[in-house]
Amino acid sequence: MSEHNQSNIRNFCIIAHIDHGKSTLADRILELTSSVELREMEDQLLDNMDIERERGITIKARAVRLNYTADDGESYVFNLIDTPGHVDFNYEVSRSLAACEGAVLVVDASQGIEAQTLGNTYLAIEHDLEVLPVVNKIDLPSAEPERVCGEIENIIGIPAMDAPRISAKTGLNIKDVLERVITDIPAPKGDPDKPFKALIFDSVYDPYKGVIIYVRVMDGSIKAGQSIKLMATGAEFQTVEIGYMGAKDLVPVGELKAGEVGYITASIKYIGDTRVGDTVTRADAPCAEALPGYKKVQSMVFSGVYPADGAKYPDLRDALDKLALNDASLTFEPETSAALGFGFRCGFLGLLHMEIIQERLEREYNLDLITTAPSVIYKVNLTNGETVMIDNPTNYPDPALIASAEEPMVTAHIFTPQEFVGNIMELCQDRRGNYIDMKYLDDTRVDLHYELPLNEIVYDFFDALKSRTRGYASFDYEMKGYVPSKLVKLDILLNGEIVDALSFIVHVDKAYQRGRKITERLKENIPRQLFEIPVQASIGGKIIARETVKAMRKDVLAKCYGGDITRKKKLLEKQKEGKKRMRQLGTVEVPQEAFMSVLKLDE
Amino acid sequence: MRGIYIHIPFCLRKCPYCDFYSVRFDEKTAEEYTDALIRSFELPKYRGLRADTVYFGGGTPSALPSELTGRIMRSVYECFDIDKNAEITIEANPCTADERKLSAYREMGINRISFGVQSADDRELMSLGRLHDFERAQRAILAARKAGFENISADIMLGVIGQDKQSLIRSADRLTELPLTHISAYMLKIEQGTPYDNDRVRASVADEDTVSDMYIELCERLEQKGFLHYEISNFARPGFESRHNLKYWTAGEYVGFGAAAHSLYMGQRYYVPRDIAAFIDAPFQQEIPEEEPHSEREEYIMLALRVSEGLDEKKLISLYGEEGTGRLMGLAKTYEKHGLCCISGSRVSLTPRGYLVSNTIIVEFLHAVGLA
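Quick mapping for you: the protein sequence lines, in order, are chains A and B. Quick note: the first sequence uses numbering that gives the first Met the number 0, first residue 0, plus one each step. Quick note: the second sequence uses numbering that gives the first Met the number 0, first residue 0, plus one each step.
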């Protein structure tokens with residue numbers, strides 16, 4: 000590919016709902032372009048994190064270069080850019096899309112379009128991408144490709160009747176997709192003579208090479224040894240290696256040119272210097288202006304993360320450091336809780352991101368964690384005219400100093416079979432949602448459009464939605480902005496003392512209900528102790544709910560007949576083990592499960 | 000001085016709730032077992048052992064013919080140096096203690112007898128599978144008194160099928176009307192593998208809260224009647240505390256003879272396996288060290304909290320240091336406020352409510368001194 004010609008390059012991504020077959024299709028394409036030997040094929044090659052494979056989702060963007068000889072005899076270079084599929088990573092998705100000219104939209108032939116597919120397809124259309132619909136899983140008995148094609152035309156408004164009907168699983172008609180990529184998706188149209196200009200769509204940290212930035216070259220070209228400048232951060236580096244992403248390895252090349260997708264290394268130490276969406280140019284011959292659309296990613300959801308065993312604090316810090324090397328959107332700073340000791344306040348892009356980070360900390364770093372209830376960022380206008388942003392209930396100002404408060408809202412689309420509409424409306428109502436409208440997608444499925452406070456969906460909304468729709472509904476949202484809201488800080492007291500780790504900010508209308516539920520949960524999850532323990536919820540010192548953990552009356556007996564104290568010793572050992580699993584909060588012992596139980600309140 | 004424990008693992012009939020080591024009595028085995036016991040006294044390390052208590056426990060020691068008991072006692076006197084004021088106890092079933100046997104016991108030097116009465120309610124006694132009714136128990140106690148026993152104990156059981164607070168207090172009252180110097184009160188515990196280990200029994204015994212209330216009422220009642228609550232399960236008229244049992248809780252040493260007997264001797268804890276045949280075969284080769292060696296530091300809190308004397312601050316400091324003791328005393332103050340323990344001077348002891356949750360308190364105290 001030394002004498003490359005932009006007209007023989009196709010840069011595209013695949014958009015699909017979870018389980019609709021994106022990764023399987025990607026695997027087939029890799030197979031068909033012989034990028035990977037069959038014996039080396041591992042299912043779902045692109046998703047290489049355990050969590051990604053298990054959940055069937057893509058967390059990080061990845062790209063791969065493929066060579067394909069088309070039916071017309073010409074050989075083409077395909078750059079397949081795998082995008083994250085989840086709303087939490089919307090910005091990353093948009094940057095990946097900006098690196099492409101087209102998108103292959105994979106729709107399941109029996110399930111049809113889902114909320115997330117639609118969100119990402121609209122995003123692709125917004126970025127002027129050519130969308131190539133593909134109907135997958137036509138080998139299934141329940142497949143209705145005709146109906147699904149009609150749905151694509153009606154809902155998205157793109158022609159779909161001639162969409163390739165494929166089975167990624169069996170490999171049926173995959174070649175059609177590749178041929179259509181060539182005919183339908185335009186070739187890149189960069190100017191090789193202009194100053195070098197490239198878009199960063201991802202970056203990963205490599206212990207030997209430093210940060211590897213994944214770029215799409217828009218104009219000009221770059222060679223190893225030349226110096227580059229990252230326009231948003233202003234950082235300058237000397238490039239060490241230039242290349243493209245092969246199916247298995249990085250492949251160094253002499254030069255990357257307009258229209259190509261590849262990587263650059265430049266002994267960059269901090270991933271924070273290489274922000275997704277930033278523009279790379281030559282330091283000595285810069286382009287006039289940066290590419291549009293760059294945003295600094297902001298955390299939306301915050302939570303305290305503590306090691307269950309306080310001695311593991313340094314391990315947690317190391318683990319977060321390591322994760323952050325590869326994830327510029329994870330933020331964390333040390334935090335101390337009277338209840339939980341030393342930990343970190345972590346910022347996440349959204350709920351999924353939070354769950355993934357927690358899961359990776361527990362799995363890859365073997366940590367046992369206690370996390371506090373997730374919080375969003377509230378805007379609090381003080382009586383002295385100042386405005387403060389609050390992401391931690393501990394920092395919520397004294398009510399006497401608050402003039403007004405605002406909370407973030409989202410607009411949400413819920414796609415569901417119509418029989419669940421009632422259940423979902425009830426749920427949204429309960430979560431302080433404002434109904435916007437409802438559209439029929441076809442005879443049986445609807446798109447429910449709601450405006451919801453973000454803090455109502457960060458807890459357990461997705462779980463609640465799934466349980467009310469037997470898993471059939473899909474859900475997508477985007478940020479809308481702040482609205483005034485009546486917020487209060489709810490404190491939980493054990494034995495008369497506030498447990499800081501259990502405080503949270505809540506709408507005043509929900510405070511009583513939540514307070515009652517949390518005190519009930521805690522009562523169920525805190526074992527009886529030597530004396531009675533009041534469990535209370537309070538707002539500004541006023542108790543709004545109370546439960547009591549009764550005092551334990553009696554231990555298990557241990558006979559010590561004839562001076563045989565072995566049974567007693569065994570009992571005490573058991574008791575000691577039990578005590579080790581507890582957190583000591585003042586005079587009260589609280590098991591870890593009690594902290595977790597208040598995070599999932601939906602029955 | 001040390002204590003001597005002699006295990007007699009025979010019963011006329013096994014009670015359905017009991018998981019102590021015993022087998023049905025038969026004369027031949029009893030004789031062989033007696034011979035083995037006597038041979039085991041001759042272990043060189045016990046030569047010249049000085050003791051001020053001897054205790055026959057079981058099983059049912061009174062199931063043994065008094066001739067055999069007499070042989071054992073003669074051997075005890077021959078092999079060991081027994082204090083002239085020694086407390087010598089035998090456990091007895093009201094059915095197996097007739098006047099002749101009681102007199103024989105007195106003659107061989109036994110001066111304390113402990114009857115397994117369990118209840119004054121005949122229906123409760125039946126549910127426990129006991130051979131006697133209360134009338135029989137009363138007669139046995141009076142006969143013992145008549146035979147010259149001045150130190151008589153009776154066991155009473157809490158949490159029996161069909162028992163409620165009234166019937167328990169009635170049992171306690173009827174016992175205190177008898178010439179008893181000592182009462183032991185045990186809670187029924189359903190032990191794994193016993194005939195009692197079934198859901199029907201579990202469903203018909205009083206719940207935890209009720210049994211706890213019963214225990215506290217019983218403690219109050221017995222105190223009112225002049226019995227001091229000197230150990231978690233034991234009450235005595237002043238001066239009649241069981242000296243042998245107190246050794247267990249106050250770091251006294253004791254040597255156990257016979258199958259399933261436990262010892263703390265020369266700072267070592269060890270036991271003889273629960274196997275009569277093996278013991279008869281080789282009475283000398285039977286001692287096995289306990290999994291965890293004796294350590295006063297590990298055991299003091301656990302053992303001392305069983306008795307009304309409780310913990311001694313000076314002793315605590317010597318074992319755990321000032322800081323740990325300070326933390327423990329701080330906890331004790333909190334528990335005192337909640338009626339679980341009692342601090343008087345430099346001593347910390349448990350109240351009846353505290354005894355009920357003593358495992359938890361022990362672990363908290365151990366935690367305070369850095370042992371949990």
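Some clues are possibly wrong.
Simulated crosslink set (EDC-like; lysine to aspartate or glutamate; CA at most 20 Å straight-line) [to be verified]:
1) 485(A) to 496(A)
2) 553(A) to 163(B)
3) 553(A) to 207(B)
4) 567(A) to 297(B)
5) 568(A) to 290(B)
6) 549(A) to 297(B)
7) 553(A) to 208(B)
8) 568(A) to 216(B)
9) 558(A) to 230(B)
10) 268(A) to 240(A)
11) 295(A) to 332(A)
12) 568(A) to 212(B)
13) 188(B) to 523(A)
14) 569(A) to 298(B)
15) 567(A) to 216(B)
16) 188(A) to 218(A)
17) 553(A) to 240(B)
18) 558(A) to 322(B)
19) 553(A) to 41(B)
20) 568(A) to 252(B)
21) 569(A) to 154(B)
22) 83(B) to 297(B)
23) 568(A) to 546(A)
24) 164(B) to 240(B)
25) 568(A) to 208(B)
If you are wondering where the hints come from, they were derived from the structure by calculation, not from laboratory data. All values reported here derive from a predicted model rather than from experimental measurement.
Hint check results:
Among the hinted pairs, residue 485(A) with residue 496(A) is inconsistent with the structure: their alpha-carbon atoms are about 25 Å apart, more than 20 Å. A threshold of 20 Å between alpha carbons decides the hint, and for residue 553(A) with residue 163(B) the separation of about 17 Å falls inside it, so the pair holds. Between the alpha carbons of residue 553(A) and residue 207(B) the distance comes to roughly 7 Å, so the proposed pair stays at or under 20 Å and holds. This hinted pair checks out: residue 567(A) and residue 297(B) have alpha carbons roughly 12 Å apart, not beyond 20 Å.
A C-alpha spacing of about 10 Å is found between residue 568(A) and residue 290(B), which places the hinted pair at or below 20 Å, so the restraint holds. Only pairs whose Cα atoms come within 20 Å are accepted, and residue 549(A) paired with residue 297(B) is rejected, the gap being roughly 31 Å. For a cut-off of 20 Å, the pair hint linking residue 553(A) to residue 208(B) stands: about 8 Å separates their Cα positions. Pair hint residue 568(A) plus residue 216(B) does not hold up; C-alpha atoms about 28 Å apart against a cutoff of 20 Å.
About 13 Å separates the Cα atoms of residue 558(A) and residue 230(B), which keeps this hinted pair within 20 Å; it holds. Under the criterion of a C-alpha separation no larger than 20 Å, the hint pairing residue 268(A) with residue 240(A) is consistent with the structure, at around 15 Å. Our distance criterion of 20 Å between C-alpha atoms is met by residue 295(A) and residue 332(A), whose separation comes to about 18 Å. For the hint pairing residue 568(A) with residue 212(B), the CA-to-CA distance comes to about 26 Å; that exceeds 20 Å, so the pair is violated.
Taking the CA atoms of residue 188(B) and residue 523(A), the gap is near 27 Å; set against the 20 Å cutoff, the hint is violated. The straight-line distance between the Cα atoms of residue 569(A) and residue 298(B) is roughly 12 Å, inside the 20 Å bound, and the hint therefore holds. Only pairs whose Cα atoms come within 20 Å are accepted, and residue 567(A) paired with residue 216(B) is rejected, the gap being roughly 25 Å. Restraint check: the Cα-Cα separation between residue 188(A) and residue 218(A) comes to about 9 Å, which is no more than 20 Å; the hinted pair holds.
Distance hint between residue 553(A) and residue 240(B) is unfulfilled; the C-alpha atoms sit about 25 Å from each other, more than 20 Å. The hinted pair formed by residue 558(A) and residue 322(B) fails the criterion: a straight-line CA distance of about 32 Å is larger than 20 Å. For the hint linking residue 553(A) to residue 41(B), the alpha-carbon distance of about 44 Å lies beyond 20 Å, and the restraint is violated. A distance of roughly 18 Å separates the Cα atoms of residue 568(A) and residue 252(B); the hinted pair therefore holds under the 20 Å criterion.
Distance hint between residue 569(A) and residue 154(B) is unfulfilled; the C-alpha atoms sit about 26 Å from each other, more than 20 Å. Distance check on the hinted pair: residue 83(B) and residue 297(B) sit about 34 Å apart at the alpha-carbon level, beyond 20 Å; violated. Distance check on the hinted pair: residue 568(A) and residue 546(A) sit about 34 Å apart at the alpha-carbon level, beyond 20 Å; violated. Annotation: proposed proximity of residue 164(B) to residue 240(B) is violated, straight-line Cα distance about 26 Å (limit 20 Å).
Note on residue 568(A) and residue 208(B): the hinted pairing is violated, with a Cα-Cα distance of about 25 Å set against a maximum of 20 Å.
In terms of the numbered hints stated before, the structure departs from hints 1, 6, 8, 12, 13, 15, 17, 18, 19, 21, 22, 23, 24, 25, listed from lowest to highest.
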